[in-house]
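Student: The hints should help you fit chain U with the ligands onto chain X, whose structure is shown.
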Amino acid sequence: MKKLLTSILALGVCASAALAAEPLITAAKVANVNDATVWEKAKFETVTLYPQTAIEFNDKKANELTAKAKAKKAQVAAVHDGKNIALMVKWADKTKDVQGIKCSDTYSDGFAVQFAAATKKPQPLPYIGMGSEGRPVIVHLQKATAKVYEPNGNKDVGMQINRQQTGVFGKELADFDAKVAALANTDFERVFVAEGFRSLTEIKDKSVQSSAAMTYVPGGWNGSLVRPLKDQYVNLNGTVPVSIAVWDGTNMGRNGLKNLSSWVAINLEGQKPNAAMVAELTTDAKGDAAKGKEAAMTNGCNGCHQLEATDAKSFMGPALHNAGGYSTAAYLRESILKPSAVVVPGYNRNAHANTPWYNIEKGKRVSTMTDFSFLDKETVDNIVAYLKTLKAEAE
Amino acid sequence: MSKRQLAMVMDLNKCIGCQTCTVACKTQWTNRNGREYMYWNNVETYPGTGYPKNWMELGGGFDAAGDLQPGVIPNLEADYGVPWDYNYESLMGGQADSHTFHPHVSPTWGPNWDEDEGAGMFPQDNYFFYLPRICNHCTNPGCLSACPRDAIFKREEDGVVLVDLDRCQGYRYCIAGCPYKKIYFNPKISKSEKCILCFPRVEQGLPPACAQQCVGRIRFVGFLDDEESQVYKLVHKYKVALGLRSDYGTQPNVYYIPPTESPAKFDAEGKIIEGSTRLPIEELEKLFGPEVHGAIKTLKAEMQKRKETGVSELMDLLIAYQHSDMFRLDNNYYQQVAKENKRNPLAPVDTRYIAGKFTTKGHTQTLFGGHTAGGHH
Ligand code: SF4
Ligand code: SF4
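Here the protein sequences come in this chain order: X and U.
Be aware that the first sequence starts at 328, since it is given in this note's numbering, and climbs by one per residue.
Be aware that the second sequence starts at 929, since it is given in this note's numbering, and climbs by one per residue.
Simulated from the structure, these hints should not be mistaken for laboratory data.
Some clues are possibly wrong.
To be verified - Partial chain X-side listing against chain U, Cβ under 10 Å, derived:
| id | residue |
| --- | --- |
| 1 | Lys368 |
| 2 | Asp432 |
| 3 | Tyr434 |
| 4 | Thr472 |
| 5 | Ala473 |
| 6 | Phe524 |
| 7 | Gly583 |
| 8 | Pro672 |
A virtual CB, placed ideally from N, CA and C, is assigned to each residue, including glycine.
Pulled out of the complex, with its shape left as it was, chain U reads as follows:
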């Protein structure tokens, strides 16, 4: 377990499914061949097949006894979807053979393929909500436990889970072991890659790109032990933010405020059924565990309190007035850690991430050539 843990809270009542977070992540981190199909951040419609397809049925995670469960590794074409491109060049270049856009492959699947189908009967009781997902930077990561090469590590200073690309040999047991299927195989370099919680940004005091760009301002980022952080207040003080599928035993560190504000159902005459909600509580219980009842109760009570008295710290938090409050990332903290470890806080990429944890024998070359693993610059 790491000394401190960075965490993110996502308020599902506010996510509008705009995918701005997805794009922010994608443009920031698809800087290497083979990452094209990976959505480190994705926003799926719930209920739905999700991304990768039916990820909740692919195994991994731990059982009640703490034993890692076997899992299935998704197929790029069938379960993630091959990323396709259009013939921009020939079209823009005015080549005679192409007057229309067409994709370079015939896609059969992709993220959000079954967008917004949801469940129930339209228009009486249909429902859906958006579920943005990133790697949970678990306290007990299934990916890490599954790796026979010790190529996955959890940073001491903030609990960020990273793949040591020097040690990774592309065995992919991590993918089987992650119950969220949030670790991906890069077939071009034959190594696993995953969300890095934008640690190079975080170390500069900036939130992860997905959180900063979020249009709905649904995301809060901070250290779980920082009582001043909104993350702490939402998770520990008000207990309204819950882990996704915490029954997988990985102790996820991305927390969700469950959706409470779904529309009411219609009766046979098309009239609103007072007090009804379209979201079946069983579905929420499946995702967020039995604590969801308490969380919803607290949320409703605070809403009521706000209506009656005009005061509610919880509502103020959830309105998310200021980025500076939503993201409490003590820049000084990382500078201190860097100093203690004789690391350059401005290093664009963590040396451990690229150069290898155990490669101290001088057999490796690092990203910047000439330098050895460990301290440099």
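Okay, chain X solo, but in the shape it has when bound:
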């Protein structure tokens, strides 16, 4: 460990951030996860959420605001009662942003918790953030939004109506208004299933019985989520990998403009932990980061990827200067050896017409990156160790 520390210091990367492997969270067994008092005794662990900078979006103001985004620390605890799992995420946010219903350019604070559908094998886990083909993820999203005028309460935009055109007047209109008030949905909670970029699909058939909430306390948010351990999408047992994301409305955060954790292991108390998963998610990458940096340079990684935050942006490929924060070592390794396993589409499919990030072959996205499986195992390990050091300092 000492040797790694020295080489990391030599690289000028924040040593403490690089060394802190993700914590192991234990979900205490409780009688009922819906009992609010369980959080008083729950043990909170610090999880670092890194700015997702792989893709640059085209919002000029947001890009200015997030140019020097730092990592955030969140306090995370979990409990389970054998039927349901509950998570509590606490994160600092000095400004409370609630998406209003009278503005076109304000954004809400929000958070998301992501579960991998298949949790047996740690390698490979789904791609963090969006899942990957054959490796779906379930995403629970909660945003802070103002009361939404929603006559049928089903988030069904087709049934939105304008009161001038309702054709109901007088008493009927009053009745209608009362019904609207009763049904108005204050809660922007969504559940999605995703199997790779651009496949995120909202689950609207109520087949996921979850409940999320956000409460603003001075200086930050408390976000909670309760969901079943088992439903048609996931079957959580032993060790559960979850990932957490938070959005900051002040920075015009939404979609990819967020802070994201890597996969974090949660052991369900009273169940047999998955040792391989725990090891994968809580230990540092093997390999020599300094040698890995050298190998990355000799192999021309920086020709397409922005590796360190100080490197000039090229966006010929995804920027990697926070990849070490939110990616697992297994994912980084896979990306080097099998670049087409997970393909990040550029923010703009028409951009860089001569240098696309991927081509479509037989309906599949095939990365234009060379496959580096010719490298020896040690070199790959070293590069992975180097990439794992690439991450922003925490706030």
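Tutor: Frame of chain X; chain U with the ligands shown alone:
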């Protein structure tokens, strides 16, 4: 790119700024809360701030290399203007506290706020003209390119650009990406909405509401590959109809006949300067590109030809005698497409528009409940 492309031509020499098109669109499509501030069709005075305010300076579109440019998302109050209402009810109901009309908010901005200010010095050389604008249903839409969720699509059968409201999560990168700022955020449903080129009407062989209602009869609608259509003739045969700001790289499909008939300037004595025109050609070049010179030349030559010989197909087209000629929308074509796709041609709203392109997993409910996305009815 879509198989066929519907297009509209607007003859700016004939627009009188009456806003009938705006009203036709507004009454037809403000059928959902949160759409109140959106003018899918608006008519602005040029030069002027436009709608939303200074839209040409808000970025988006593509650079010469084909890269999407970052853009700015306008603010509802400052840049679009909050739509305001009056106290009709209390006034009509005879409540004691109100004997005058007053708006429910103190407006600070709105569409046409700076109406008809134009440029130049009145009365010597002042000028302005009207610029009606709708979504251009671009061949290379900035909105579509910017969307990280694939929620915007261009219909195969006619190139109409639509937002899939099931996939849209209200990220608003599309607004930043559209250089015309013709896509809007509905804050009540947290989704983007835009001009749909009245596709439910078009599928029935009717032109978009703005075009049908236009008092000046300035609008022509048809398929760009239909050599019989007036749109084809104006765009491709005579090349007098040009895209607005085609330098944005989106390949817009709304075309404009540039204004040529501006009044002459006055000299110091108040006499007309023969042969002068108040519209600076640089302004027209900025809007319609260098092709504007050729277009104006053709228009003038054909006008002259008409005067001398009485014959000019171009002038006949621009006079717009018959709606049936101005709008060539082959109804049978859509029925054929519907049949091929096993869709009901009479469906009031395109199922894809509301139900989602990728939601085939059975996780969604559609507008009509019980039916699944894709074919129904
Ligand atoms: S005008 Fe704007 S909204 Fe319409 S298709 Fe073009 S880029 Fe999209
Ligand atoms: S209805 Fe026709 S003439 Fe009137 S403002 Fe609209 S485009 Fe111009």
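Student: Sort out which numbered hints this structure fails and list those numbers smallest first.
Tutor: Failing hint: just 1.
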